[in-house]
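Peer 1: Add chain C to chain Z, keeping to what the hints say.
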Amino acid sequence: MDLILQIVAAAMSSGTPLLFAVLGGILIERSGIIQLGAEGIMLMGAVTAALLYLRTGSLAAALPAVLAVSAALGLLHAFLTVTLRVNQIVSGLAMTLFGSGLSAFLGRAIAGQPMPGAVPKLDMPVLDGVPVIGVLVAHLDVLTWLSFALVIALHLYIYRTSWGLHLRALGDSPPTADVMGIPVTAFRYGCVIAGTMLIGLGGADLLLVFSPAWIEDMTAGRGWIAVALIIFARWNPLRALLCAYFFGALDALGFRIQLIGSSIPSYFLKMIPYAVTILVLMYLGWRNRGKPSGSPESLGVPYIREQRL
Amino acid sequence: MNGKAAAAGMDGDAGSARRRPAVPRLRFEFDPVRTGSPWWMPLAAVFAALAVCAVFIAAGGTDPLAVYKKMLTGAFGTRFGLTETLVKAIPLLLCGIGVSIAYRISFWNIGAEGQFLAGAMAATAVTIYMPDLPAVLALPLMTAAGIAAGGLWGLLTALPRAYFQVNELISSLMLNYIALLLLDYVVFGPWRDPGGLNFPGSPMFTADQSLPAFGSTRLHFGLVFALAAALLYAFTFRHTRWGYELRLIGANPEAARNAGISLNKHLLLVMLASGGLAGLAGMAEVSGVAHRLMYGISPGYGYTAIIVAWIARLHPVGLIVSAFLFGGLIVGGYSVQTLGLPSATSEMLQGAVLFFLIAGAAFGMIRIRRVR
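Just so you know, the sequences run in chain order Z and C. Here the first sequence is numbered in the numbering used here, starting from 1 and rising by one per residue. Here the second sequence is numbered in the numbering used here, starting from 1 and rising by one per residue.
Isolated chain C, as found in the complex:
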């Protein structure tokens, strides 16, 4: 807007600050250079989104406060709700870290959903084609298959981008639909449980093929995978050469290229890791929670993970916190179904949160100044 005023504002004008003007006037200045936004902005975004969605819920004839209270108690109020929230947070955290790695180098992987499904299907394939393995062999093999399948599904996005300049947003999303159709094919077709009364799902896993649970809860060993992945993610970006190179690519790809870093090689590695984590999430979900592959195995974890990553600003600790919160949102979404609302309520909330989050970050560039 006004270059001089902005410059003066940055230096600060301590000398003239004591002279109070007769009528203080507030002026909004736009400073595109300032990109930071206060730490409470994500929280403000969540509350603003709740407020906007309340309007839609009220318009549908339900009391929004009752809905939010139900969601809150459903997700965090009881022991069962809390473990259930943690169970949902596991795939969100793994997929969220996965997409964060890609977003760090500005690679817009929105295919975590497909990579998740690929991992889930590969892990199930192990149980179908090698049914009698003992746990020491079955679980590592399923884990490896899940990671490998997710990573390869990720490569299907990275390779066209690296060698044919195919927009990754489009290709990763198309692959989500292909993975979903593949899942429908196997659970309705060749892998359907013959004794399952036409239920679209694979046969139940044996105890040897299931990840161990903590005590009598539904919380499973996948939590260790997820937290380990978060640690590894933090360590890689802070303390390793590879992490440094990725940070360099993220900050300035041109400079990175000139420094002799191969962008294509890193792109492929990043998508192997990104897809691999989502694939691991898929493996943990079938082996730890559902104990079978079934129709609709993912309530959109891969898409929610995108919001989880953005709300955390790709920060490892933020990822853990936001994965937990959004896990609660999914569980809360289920619990409001007793009030006659669809579970899409939580989807709507997720989209609204993302809107306010990006708008809030942009408002961080606006400075309110008192002018004389």
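So here's chain Z without its partners, still in its complex pose:
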């Protein structure tokens, strides 16, 4: 029982950066745009947080800077894909390559330096006595609480508001949304920028909470796993929570097995999340054969008002 709780707690801490990135990705893809730059955006978010936090010593300066940098990257992606209608896959790839290069360049001076302090925790001593929940949530940091709030907010937004209905219409059929009077371009810009900010926040969370020192390429593919998790979560924020924690658990599990002194080389344990990502996608493909995947119908198709359908 104790071991299970430990694994769940570890899954939450390594799953939260993924959760931010998946939520951001869901918001972007719901509007019909593919964002494959998550890896580069997370790295930029992490390096911005590290630079600002080390220089100013204040999270109140670091987190807004992370949001500003990711918003700028989001604006770039939106300009390229919505206004210039370039290939969304290539734009995302460019963002990944540029983000990992630029973050390594910017972070070279602070590589390995520990952060000046941990993210403040929301202590709730009342919960200490409660058996399971108490152990898990009584002393969580504010960013994890923010991720919970975002899951609920995004779920309510997508499924329970008229704006959410507009968003879903936009992703499924932009011409219909256009006829309904929804400003397609502005809406897409908004979603891409807001979603990219969430992805950047995921990178900041990875740096500030999970492993508090900047290392080149520290995301190690988490951005790409987040892209896969969007499919796994069927573009649904509540499922995103479960999926992100599942992958967080895989990450934690490898580390645990190593700790108890298994003879399996650590390199193979580190492969688990990557291999499971492919296997899960294969399982989903097999289960959903011939059925809709839950993906927005117009995902990746640029909208040209004058184009004949």
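Just so you know, the hints here were simulated from the structure itself, not pulled from any lab data. Remember, it's a predicted structure, so these values are computed and weren't measured experimentally. Using N, Cα and C, we set each Cβ at its ideal position, and we do this for glycine too. No false leads were mixed into what you were given.
Which bits of chain Z does chain C cover? Going by a derived footprint, with three or more residues having C-beta under 8 Å, they are: (1) 75-85; (2) 88-94; (3) 227-235; (4) 268-279.
Over 10 Å on every C-beta distance to chain Z, these chain C residues come out as not near it, computed from the model: (5) P134; (6) L137; (7) S216; (8) G250; (9) A259; (10) L314; (11) H315; (12) I320; (13) L339.
Peer 2: Coordinates of chain C only, in the frame set by chain Z:
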């Protein structure tokens, strides 16, 4: 924007062109049908990327002009730099052709890095488990092992896509990480050179296991592989039935299917070829340059190859030119380390070039017209 104006613009209005307006006004029109962009666009993209990265370099407290000058002379200025650039261009060209084949049918293989490593490891396996073969046997066997391993690593992406609709971008990238961990395992573990003072690398190859070099330079026989691959690539797509079928799939998969072309079969063949070329690059790198398998054998060749392919617009001659240029960028990236900059400088430049390249291609759809 304005359908009528766009149509009029396409026909041209020679009759009214002589009447000069009092105040000429420029109007930007967006014409999504025009997809061509001028030949100088890639060059403009490179210069724009240099300009943007100069801002970041200057912000870091280094003179960007000095950095670029250092990169230029480091990569192309000396005999050593030039051969070194060619040495780096070999894996870039092979991997670039590999991904180009896949991109021709819109299959987004970004796993050249993993396929490269698979090829490098398979070639090394030959030297480890059959150490005493003569050159006539060892080199062909290593080449075959490299191609086969790269191709099989590519199939690991193609099979899930063909039969389970797994997004190839994700699976090919995941396989890159798996290959990298496998490399770390073998060079830190079972294949580590016992006499290597804990250096994470396999034992040095013998002369029989090394690709011959040209004269006393580091330039090796892999250059012949790369140029032959470029020729074969050009010939296949222009003059063979298979190339025609692939072009058909690339242009319109639905039409190709209706014409009786099996998409899945071609997908598997394409990834065998695409991965095989990257695997060959891996074999050439260990056998021709490093003469051993070691930690960090690839400075991201597989990722740079993606940009090489895009900047060349998948064209064989363009691939040769852009592989040479990006080889220079990698060598230049090393030479700026003496100025205290990380080699990630060249990575940053590569990403920026790709951004401007795609944006530039899109600007090709914008027409500036003088309106009256």
